[in-house]
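Colleague: Protein sequence lines correspond, in order, to chains F and C. Its first residue numbered 5, the first sequence is counted upward by one per residue in the working numbering. Its first residue numbered 5, the second sequence is counted upward by one per residue in the working numbering.
Note that these hints are calculated values from the structure, not bench results. One should not assume that every hint holds.
Remember, identical chains collapse to one label, so a pair may be satisfied in a single copy or spanning two.
Under the rule of at most 16 Å between Cα atoms (straight-line distance), these lysine to aspartate or glutamate pairs were calculated in the EDC-like manner [said to hold, decoys possible]:
no.	residue 1	residue 2
1	K228	E688
2	K228	D694
3	K253	D302
4	K306	D255
5	K301	D255
6	K252	D304
7	K111	E533
8	K252	D567
9	K437	D525
10	K297	D317
Protein chains: 2
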Amino acid sequence: MATLLDIGVSAAINIVSALAFLLAFALLRLQPINDRVYFPKWYINGERSSPRGSDNFVGRFVNLNVRTYFTFLNWMPQALRMSEEQIVRHAGLDSAVFLRIYILGLKIFLPITLVALLILIPVNVSNGTLSFLRKDLVMSNIDKLSISNVRPRSIRFFFHIALQYLFTFWTCFMLYKEYGYVARMRLRFLASQGRCVEQFTVVVQNVPRVGGRSLFDSVDHFFKMNHPDHYLCYQAVYNANKFARLAKKRDRLQNWLDYNQLKYERHGDKRPTRKNGFCGLWGERVDSIDYYKQQIKDLDKKITSERQKIVNDPNSVLPVAFVSFDSRWGAAVCAQTQQSRNPTRWLTDWAPEPRDVYWKNLAIPFVSLSLRKLLISIAVFALVFFYMIPIAFVQSLANLEGLERVAPILKPVIELKIIKSFLQGFLPGLALKIFLIILPSLLMFMSKIEGYISWSMLERKTSAKYYFFMLVNVFLGSIIAGTAFEQLDAFLHQPPTQIPRTIGVSIPMKATFFITYIMVDGWAGIASEILRLKPLVIFHLKNMFLVKTERDREKAMNPGSVDFPETLPSIQLYFLLGIVYAVVTPILLPFVLVFFAFAYFVYRHQVINVYNQRYESVAAFWPHVHSRIIASLLISQFLLLGLLSTKKAANSTPLLVVLPVLTLSFHKYCKHRFEPAFRNYPIEEAMAKDNAERAAEPGLNLRAYLADAYLHPIFHLFDFDEQELARMEVKRHQSQHSGPLESTTALASPRPEV
Amino acid sequence: MATLLDIGVSAAINIVSALAFLLAFALLRLQPINDRVYFPKWYINGERSSPRGSDNFVGRFVNLNVRTYFTFLNWMPQALRMSEEQIVRHAGLDSAVFLRIYILGLKIFLPITLVALLILIPVNVSNGTLSFLRKDLVMSNIDKLSISNVRPRSIRFFFHIALQYLFTFWTCFMLYKEYGYVARMRLRFLASQGRCVEQFTVVVQNVPRVGGRSLFDSVDHFFKMNHPDHYLCYQAVYNANKFARLAKKRDRLQNWLDYNQLKYERHGDKRPTRKNGFCGLWGERVDSIDYYKQQIKDLDKKITSERQKIVNDPNSVLPVAFVSFDSRWGAAVCAQTQQSRNPTRWLTDWAPEPRDVYWKNLAIPFVSLSLRKLLISIAVFALVFFYMIPIAFVQSLANLEGLERVAPILKPVIELKIIKSFLQGFLPGLALKIFLIILPSLLMFMSKIEGYISWSMLERKTSAKYYFFMLVNVFLGSIIAGTAFEQLDAFLHQPPTQIPRTIGVSIPMKATFFITYIMVDGWAGIASEILRLKPLVIFHLKNMFLVKTERDREKAMNPGSVDFPETLPSIQLYFLLGIVYAVVTPILLPFVLVFFAFAYFVYRHQVINVYNQRYESVAAFWPHVHSRIIASLLISQFLLLGLLSTKKAANSTPLLVVLPVLTLSFHKYCKHRFEPAFRNYPIEEAMAKDNAERAAEPGLNLRAYLADAYLHPIFHLFDFDEQELARMEVKRHQSQHSGPLESTTALASPRPEV
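Please work from the sequences and hints to get the whole structure.
Modeller: This is the structure we're talking about:
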């Protein structure tokens with residue numbers, strides 16, 4: 005058990021490293037050369053086009069103004085200067101609401117911390133069992149401050165129970181206010197938003213193929229028939245997977261060409277060459293620039309013919325369409341109602357924003373979707389509970405003997421004692437580390453297989469899976485020894501009332517571990533987030549080898565976005581820790597508070613200066629945040645129940661059992677009260693907005709406005725005249741197929757992952 | 005343990021009593037005097053107006069045709085003569101689909117019975133443990149046919165596992181086909197249905213009271229604003245609770261007047277008298293006929309003034325309205341979409357049929373509704389698990405000593421040995437019996453408190469509660485000794501894997517008990533249903549004392565309806581028994597089969613000749629039937645898992661664990677595939693029906709058709725000119741309040757329970 009001194013040392017180390025990150029950030033961000041790494045948002049918004057700094061040559065790369073170095077923490081007040089409304093306009097509602105989660109954390113935990121420290125610490129410290137009764141046991145000082153220090157059967161447990169009630173009510177009250185506020189923010193944002201194509205558009209999946217009629221015809225006929233007053237036009241979706249692959253390849257070749265041309269320009273003496281075989285490893289040596297130019301030319305031909313093929317082959321039309329209406333009212337009605345008597349066909353839902361669409365999943369049929377969901381839930385369950393099995397297998401292979409067998413040359417080196425012990429300590433951890441690094445991508449991959457059609461949905465579902473993983477493997481896994489699988493096995497063979505006791509008893513003992521975890525992951529981890537080491541390195545590498553024009557430099561910037569699949573679960577873990585330890589070991593709370601405050605500053609800075617969200621889901625993730633905090637409350641209640649029952653405070657059980665029931669009904673009430681605002685677009689709102697628009701712009705040509713809205717992003721990779729060409733081809737094709745002339749088309753394919 | 009002989013005796017007794025019921029029914033139904041008890045449906049349909057039979061005086065009461073007595077079972081072929089389509093037209097879709105549940109039972113269990121008997125009985129009988137190893141134990145012959153007879157660790161358990169798979173797949177297959185068939189039946193019924201007011205009408209709850217504007221105005225304004233193209237008119241709902249109470253009282257007084265007048269006419273010598281004090285027990289003696297006439301006259305005045313008050317007091321308008329549209333499309337859109345930005349206001353849903361509306365619950369506000377649901381779920385839980393506590397308390401009071409103390413006069417009688425022992429056996433059971441008789445009404449009362457707005461919904465919810473009660477107290481309660489509360493306590497302290505083992509082990513031992521249960525409740529119980537003893541007695545009593553005119557005689561008929569809250573749970577219990585015992589003790593299956601076949605005949609006869617459904621929910625109960633059979637499958641799988649693990653057939657666990665996962669995903673798929681057909685009315689259907697109607701009747705005046713549709717049933721208790729009067733008052737009132745002239749109104753109050 006760690007003593008207070010241990011924790012102090014750990015805190016010192018983490019504070020120093022966090023300060024080191026902040027200092028590095030402060031120095032690096034002042035250099036004009038890094039301006040595009042630390043302030044990309046301003047470039048993207050168009051408010052800045054070249055780095056600030058003096059005009060002389062050196063000043064364009066290095067900041068020579070000494071005074072600015074002395075104010076190295078001034079990004080913090082700068083980050084606070086923007087109001088919430090400005091942030092909504094500047095970075096979107098998702099980012100603004102994301103920041104509110106940290107504020108919510110502060111609002112919930114600041115009073116709880118004060119009350120818990122003032123009331124519980126005196127209650128726990130005085131009259132302790134630990135210091136008097138069991139002097140032989142080495143108990144940490146932390147434990148003296150926790151509930152462990154209270155004698156069994158003590159009347160003092162009613163303080164803990166009363167505070168658990170108080171904290172639950174306070175948390176629910178704050179959650180209620182916040183849910184209402186966010187729901188209003190969402191509706192206000194939607195109401196004040198300018199005209200967007202997704203307000204008029206509905207995505208229709210599982211369009212049935214009726215024999216003898218083209219998909220174009222049947223979509224058009226169905227909506228003309230069933231929504232005669234408001235239906236406007238539709239956009240078909242093509243299967244352009246191969247096309248997207250080719251476009252991606254062309255992009256890669258273009259990069260190589262740029263690299264070689266730049267190399268030639270800088271060292272003008274000799275044209276760069278390469279071998280023309282596989283990966284440039286063998287074959288005849290040729291001139292690189294000519295080689296890539298030729299390759300691109302060949303590829304362009306292929307791309308053109310592939311596009312022709314897509315547009316002319318009726319089988320490349322997918323059974324899915326974006327259907328647009330002449331009013332938001334019409335779209336709201338179509339999105340919320342069941343269209344066909346077969347509820348697996350003509351499934352309508354709001355269309356995601358065009359940039360939010362995950363094109364590859366649009367056309368998954370209904371039966372396949374059910375099967376995929378089943379398989380992925382089994383896979384996630386297996387991953388969470390059995391992830392140690394493959395890792396242990398890899399570890400058993402990746403030991404020193406294995407390495408020696410594979411690479412006998414290394415044997416003398418490996419046999420050196422110091423290297424051997426280093427490797428022996430390092431190798432088994434490596435497999436685990438690699439697994440944890442690829443875990444988010446793996447979960448995202450699983451969500452993609454599940455078949456969600458928008459990036460926002462994919463990220464939310466990935467986040468849910470990641471939270472489940474963290475809950476089982478970080479929270480429960482740290483409290484109870486053994487792998488998750490062993491726990492699962494134990495739980496199946498224990499009575500349900502025993503489980504909270506088993507976990508509850510261990511809870512106070514793990515407080516020091518979680519305090520350290522918060523400092524490492526929460527404090528130092530967040531500080532490293534602001535430094536953006538990886539984007540910094542990649543930007544400078546690209547700048548050196550690939551960037552020719554200003555436009556290339558723009559492309560080399562990688563602002564990133566709020567990484568919802570990783571950040572949301574980790575915030576929720578902090579909420580869980582805070583709520584669980586609030587009455588058990590309240591000394592943990594200040595550490596959580598520092599995390600929320602510090603992370604709020606850092607992410608506010610990043611949201612203002614760095615991130616560029618790739619979609620706007622209008623805070624669609626809030627119901628998840630809310631329900632996971634409710635889940636934390638429930639977990640804390642059951643664990644306290646178990647803990648107190650081992651403390652023989654048996655009378656407490658009936659008192660505490662009421663709490664989960666109340667919490668659950670609060671959750672149910674909130675779900676009915678607020679969640680519809682995150683799913684549906686109320687008819688009233690739609691009508692009001694339609695009327696306002698009609699009054700303001702009576703002669704608006706909506707059809708022209710919607711024409712190319714859901715054109716596949718693949719087209720945007722080419723020049724404008726090529727796009728024009730493609731669009732004309734599509735038009736020509738439609739008139740050949742006697743489709744409606746007014747409709748436009750989009751090509752579907754996996755979006756190239758940048 | 006019962007032997008085969010015991011079961012044979014029990015079967016003989018039950019068959020004899022069932023036959024006795026049938027014989028009595030056959031004799032009674034042939035008497036013309038009972039014609040209105042056994043064939044009321046034909047009178048209500050208008051196809052029969054007086055009993056069949058000869059024209060002489062005696063022949064009008066007693067059947068003298070001897071030949072008809074010899075064919076006393078011919079109601080069975082008669083019941084089969086109607087086709088399903090005819091039944092749908094004759095008695096509605098609810099009844100037709102209700103009969104299909106029995107057919108489904110036969111379809112599922114007939115093949116299962118054959119396979120189970122042919123394969124499992126030989127497997128179980130030969131090589132038995134019971135007969136050879138433990139000769140000292142008295143085992144029943146039934147057990148030799150069951151899974152108990154197979155040696156532990158035997159390879160033969162794979163037969164049971166394979167058959168469990170087979171039976172699950174077969175059941176799911178039949179369920180899938182049936183769900184699809186019923187969904188199609190429902191859509192076909194809705195499509196072929198004539199014009200109904202509920203197709204055009206939506207019920208709007210939680211209409212907000214905006215200051216300064218009347219509810220009339222705000223409803224009209226809201227829908228004119230947000231559904232401008234399709235909104236037609238609305239009908240306000242008044243709070244007429246007191247009004248309905250008065251009307252009910254008037255009805256009762258009228259009954260007394262009729263009784264006295266009839267008495268006077270028959271025994272013309274002396275006018276009947278009564279005392280005019282409380283309940284006619286004291287006070288001055290007056291002439292009864294004059295007394296009741298005066299009372300009715302006074303009451304009529306009160307009723308008129310109350311009606312005036314309702315119509316003129318703006319506070320009696322409830323925040324709820326029936327809003328009608330000019331097309332089914334408009335109503336479908338409004339019912340399925342969210343109207344207001346506050347999702348707890350302007351809640352829209354399909355209006356129930358006018359006769360299906362439960363008027364009292366229309367105006368419960370949203371917050372109260374959440375609270376009621378919470379309280380009632382707690383109450384149901386308590387009722388199911390702790391219902392023995394109040395009964396034990398009443399039993400402890402209602403013993404002989406208590407009786408003697410209350411009524412010392414009875415002491416000598418009670419002390420007689422024979423009477424004492426009879427009472428001692430009888431009294432404790434009485435409290436339980438009374439509880440079981442009032443249980444359905446109690447559950448219905450709870451559902452009413454929960455706030456559902458239609459009778460069909462109330463009956464479905466009551467049925468769900470009753471099923472839960474039966475599952476815990478009849479099924480589990482019979483298998484495991486002790487009260488449900490003791491079981492709950494035991495389960496909380498056992499590991500989750502232990503629970504299926506505890507129950508699973510007892511399952512085969514209880515087979516004989518359930519066989520007897522099926523014979524008593526299923527065979528003899530169903531036979532007593534066809535006899536309709538209670539309605540028979542009540543009809544003749546009414547006929548004797550109250551009936552003056554033909555119209556009174558019509559009113560005295562009480563055809564009843566399919567009692568969904570009681571019949572659905574009990575059928576589902578038989579499904580559960582059949583599915584659980586299919587692989588464990590297959591000898592139980594023939595008994596279940598006989599129940600399904602026999603009940604099918606009986607209910608088919610009743611549906612055709614007796615019942616008159618008071619609403620048509622268009623088979624809305626089917627999803628519940630489906631999901632409870634799925635639940636039975638899951639229960640049977642877990643119990644087999646537990647049973648086999650005690651038989652040390654440990655390898656079986658992984659094999660059997662797959663089954664619940666598959667069953668659950670099948671359920672989820674069915675839910676998505678079919679359930680929307682039971683919730684929503686597809687836009688496509690609505691549009692098709694609208695178009696067909698417009699083509700057939702271009703000049704239809706829908707407004708006139710809808711005018712009085714949702715007029716409160718209380719008005720129908722009065723004569724026509726009174727109704728006319730009320731309507732005119734309402735109109736006058738509306739023009740005074742500057743409300744829209746075209747809207748009509750309805751008075752809401754608890755429907756008088758007949």
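Colleague: Please go over all the hints and tell whether each is borne out by the structure.
Modeller: Verification of the hints:
{"no.": "1", "hint": "K228 <-> E688", "in the structure": "between (24 Å within a copy, 11 Å between copies)"}
{"no.": "2", "hint": "K228 <-> D694", "in the structure": "between (21 Å within a copy, 15 Å between copies)"}
{"no.": "3", "hint": "K253 <-> D302", "in the structure": "within (12 Å within a copy, 94 Å between copies)"}
{"no.": "4", "hint": "K306 <-> D255", "in the structure": "within (14 Å within a copy, 88 Å between copies)"}
{"no.": "5", "hint": "K301 <-> D255", "in the structure": "within (12 Å within a copy, 95 Å between copies)"}
{"no.": "6", "hint": "K252 <-> D304", "in the structure": "within (12 Å within a copy, 86 Å between copies)"}
{"no.": "7", "hint": "K111 <-> E533", "in the structure": "neither (24 Å within a copy, 64 Å between copies)"}
{"no.": "8", "hint": "K252 <-> D567", "in the structure": "neither (24 Å within a copy, 66 Å between copies)"}
{"no.": "9", "hint": "K437 <-> D525", "in the structure": "within (15 Å within a copy, 64 Å between copies)"}
{"no.": "10", "hint": "K297 <-> D317", "in the structure": "neither (30 Å within a copy, 87 Å between copies)"}
Of the hints listed earlier, those the structure fails to meet are numbers 7, 8 and 10, in rising order.
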